[in-house]
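J.: So the chains spell out like this:
Number of protein chains: 2
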Amino acid sequence: MKTDKILLDHGNGGKISHHLISDMLLPIFDNPILSQLNDSAILNIQGKSLAFSTDTFTVDPVFFPGGNIGDIAVNGTVNNLAMCGASPLYLSVGLVIEEGFSMADLEKILKTMKTAAGNASMQIVTGDTKVVPKGAADNIFINTSGIGLIPAVADIAVHKACVGDKIIVSGDIGDHGIAVLSQREGMSFESSVISDTAPLNYVVKKMLMRTKEIHVLRDPTRGGVGTALNEIADKSDVGIQIYEDKIPVKDEVARICELLGVDPLYVANEGKFLAFVREDHAEMILEAIRRDKVAKGACIIGEVVSDHPGKVVMETRIGGTRIVDMLTTDQLPRIC
Amino acid sequence: MKTDKILLDHGNGGKISHHLISDMLLPIFDNPILSQLNDSAILNIQGKSLAFSTDTFTVDPVFFPGGNIGDIAVNGTVNNLAMCGASPLYLSVGLVIEEGFSMADLEKILKTMKTAAGNASMQIVTGDTKVVPKGAADNIFINTSGIGLIPAVADIAVHKACVGDKIIVSGDIGDHGIAVLSQREGMSFESSVISDTAPLNYVVKKMLMRTKEIHVLRDPTRGGVGTALNEIADKSDVGIQIYEDKIPVKDEVARICELLGVDPLYVANEGKFLAFVREDHAEMILEAIRRDKVAKGACIIGEVVSDHPGKVVMETRIGGTRIVDMLTTDQLPRIC
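Protein chains in written order, with numbering that gives the first Met the number 0: chain A, 0 to 335; chain B, 0 to 335.
By construction, these hints were calculated from the structure, which means they are not laboratory data.
Some hints here could point you the wrong way.
[To be verified] Capping the alpha-carbon separation at 30 Å, the derived lysine-lysine pairs in DSSO-like fashion look like this: (1) A:K47 to B:K113; (2) A:K159 to B:K165; (3) B:K295 to A:K110; (4) A:K107 to A:K211; (5) B:K295 to B:K113; (6) B:K133 to A:K107; (7) B:K204 to A:K47; (8) A:K292 to A:K205; (9) A:K4 to B:K113; (10) B:K133 to A:K4; (11) A:K234 to A:K110; (12) B:K47 to B:K204; (13) A:K113 to A:K205; (14) A:K310 to A:K245; (15) B:K14 to A:K107; (16) B:K47 to A:K133; (17) B:K113 to A:K113; (18) A:K113 to B:K47; (19) B:K110 to A:K14; (20) B:K110 to A:K234.
[Claimed, not checked] Restraint-style ranges between C-beta atoms, simulated for each label pair: (21) B:K107 to A:D250: 44 to 52 Å; (22) A:M186 to B:K133: 18 to 26 Å; (23) A:M283 to B:K110: 26 to 34 Å; (24) B:E257 to A:P132: 23 to 31 Å; (25) B:E286 to A:Q45: 31 to 39 Å; (26) B:P26 to A:G319: 55 to 63 Å; (27) A:L25 to B:E314: 48 to 56 Å; (28) A:Q182 to B:K245: 53 to 61 Å.
What you are looking at is a predicted structure, and each value in this text was computed from that prediction instead of being measured.
C-beta: ideal position from N, C-alpha, C; glycine also.
Model the full structure from these sequences, guided by the hints.
T.: If you want it as structure tokens, here you go:
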């Protein structure tokens, strides 16, 4: 899709975002590490395997049920690193603050970041603060970049899904997006849903201590589970089969999604992961990760198939099948 | 200075920025690597000494004489890494784009970034793109974070200035700030000044090949030479003596500064450095770096003294002395 101007959908993490990346960013930057489009770049520096990741957070509102921009800014990068199997080590923080932003709110956000970093055993070691005149930004934007160390046992990448792999999701989907939406001005529903923001590095470590047979990890943030599965199907050139009745969604999230006309498959999560694992290791992995509170609702939602490579197909509750495409147009900008 | 709200001056790189950092950010994040306040964090990962740096660019306008936001976004992080003596390796790019931003301008900026990264031998390996609704940001903000490798020979940090050190500046100061200002709406002067944006990693490498006796490097961006010298005097707990008649400023820059009532000592540079070097190595270093086009105007502007620790004192052209404080209030927001 060619346009002269940047559209909101260029940032939604879905199909139009991917066009921007594949049609403009990748050809210009032209780098084999970048082209892999893993959640982190995988670097080799003098024999050490490091993960390096960046993410900017523009969530609106800044405070939402279950957290604030500081939680997701730290956990987001922690999780990007964890999705390569890395142990997070060092974090940078880049703030863009609108003139007039409340100093007390800033303090609250920074304290949240410190706590979140500590919870993930990360150190905040470098930073930058810019202030722009009133109206030139909306409240506060936070970039975090992180470095992690990849253990030798990890061989995880978005192109490594194999036919037969079981697909695990670590718990209920869509909580973060609905929690943020419930706080938006003009939204007419009440909800008790809170963001699932959480660090995933320990549960990933636990999995890697049990088995090397984790082929792909992905945290389904912007664009949701539907988009993440499509990225994996595309990069691994495999078919993906999922089952609607196996996908865990809280009743309240499902009800609000229906009310808003959005599909939970495309709603952002900030503390969930998808794992593609060897078939005969799946139950053992489930059993191990369910002991961890961030994955106690983990379950198998489908498998990798040799049919329809590059496509995600869902068996619906009523027994039909439908193709699950990437997110196209989004009614939920600034969800993270 | 206590305020309830964030002020523009909290982002100017000067005195009020430093208060925000020392009174809020450092106590909350409470990390010994961060507290050093070097241009990059200096990390030890399994025996490798790495530099890690982040910077967000919000320059207005996005295109200015001598470059655009893409140049300074790459060179800014390259230079932060170089100021620890590091060879830059890997770069991340985090974009926040306002809905409606020109796709052609985005392409131009990204191509500039690719060229700039190549010029500094850096690879762009990971990225993130967010789009916010029209009015929620102004055009485009770019965060870059970078990783570099610190050679064993480098032992450079902001607290390492020694009494007797000569202070080198690598060329004319104030060009970047004046070039950007000349493009601002409502500015009534014409100018042929162009930004000095440039990568400094090669010239630093050249210095390190000649001598280990480089104690401090600093690129005087926001807040200018005056603020950078104060940071060094403070962190090294030494006095700094400079000479007004030795500080290189283009006639045109000096004239425009006078017109605008700003002091070139506080105007941002994007391709200059300050080097504190052992006295008897200074001439040899000057001779070496002047062959490099980014430092052909290098000269000695002063020295480190045992008097007035923590303070920067300038001998003026008319023979008096004045204290050069950090930048206080800034009329030049969004200069980088």
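J.: Are the hints correct? Go through all of them and say.
T.: Now for the hints, and whether the structure bears them out:
no.: 1; hint: A:K47 to B:K113; verdict: holds, 26 Å
no.: 2; hint: A:K159 to B:K165; verdict: violated, 56 Å
no.: 3; hint: B:K295 to A:K110; verdict: violated, 46 Å
no.: 4; hint: A:K107 to A:K211; verdict: violated, 40 Å
no.: 5; hint: B:K295 to B:K113; verdict: holds, 26 Å
no.: 6; hint: B:K133 to A:K107; verdict: holds, 27 Å
no.: 7; hint: B:K204 to A:K47; verdict: holds, 23 Å
no.: 8; hint: A:K292 to A:K205; verdict: holds, 13 Å
no.: 9; hint: A:K4 to B:K113; verdict: holds, 21 Å
no.: 10; hint: B:K133 to A:K4; verdict: holds, 11 Å
no.: 11; hint: A:K234 to A:K110; verdict: violated, 38 Å
no.: 12; hint: B:K47 to B:K204; verdict: holds, 18 Å
no.: 13; hint: A:K113 to A:K205; verdict: holds, 24 Å
no.: 14; hint: A:K310 to A:K245; verdict: holds, 19 Å
no.: 15; hint: B:K14 to A:K107; verdict: holds, 23 Å
no.: 16; hint: B:K47 to A:K133; verdict: violated, 43 Å
no.: 17; hint: B:K113 to A:K113; verdict: violated, 34 Å
no.: 18; hint: A:K113 to B:K47; verdict: holds, 26 Å
no.: 19; hint: B:K110 to A:K14; verdict: holds, 23 Å
no.: 20; hint: B:K110 to A:K234; verdict: holds, 25 Å
no.: 21; hint: B:K107 to A:D250: 44 to 52 Å; verdict: holds, 49 Å
no.: 22; hint: A:M186 to B:K133: 18 to 26 Å; verdict: holds, 20 Å
no.: 23; hint: A:M283 to B:K110: 26 to 34 Å; verdict: violated, 49 Å
no.: 24; hint: B:E257 to A:P132: 23 to 31 Å; verdict: holds, 25 Å
no.: 25; hint: B:E286 to A:Q45: 31 to 39 Å; verdict: holds, 33 Å
no.: 26; hint: B:P26 to A:G319: 55 to 63 Å; verdict: holds, 59 Å
no.: 27; hint: A:L25 to B:E314: 48 to 56 Å; verdict: holds, 55 Å
no.: 28; hint: A:Q182 to B:K245: 53 to 61 Å; verdict: holds, 57 Å
The structure shown violates the earlier hints numbered 2, 3, 4, 11, 16, 17 and 23.
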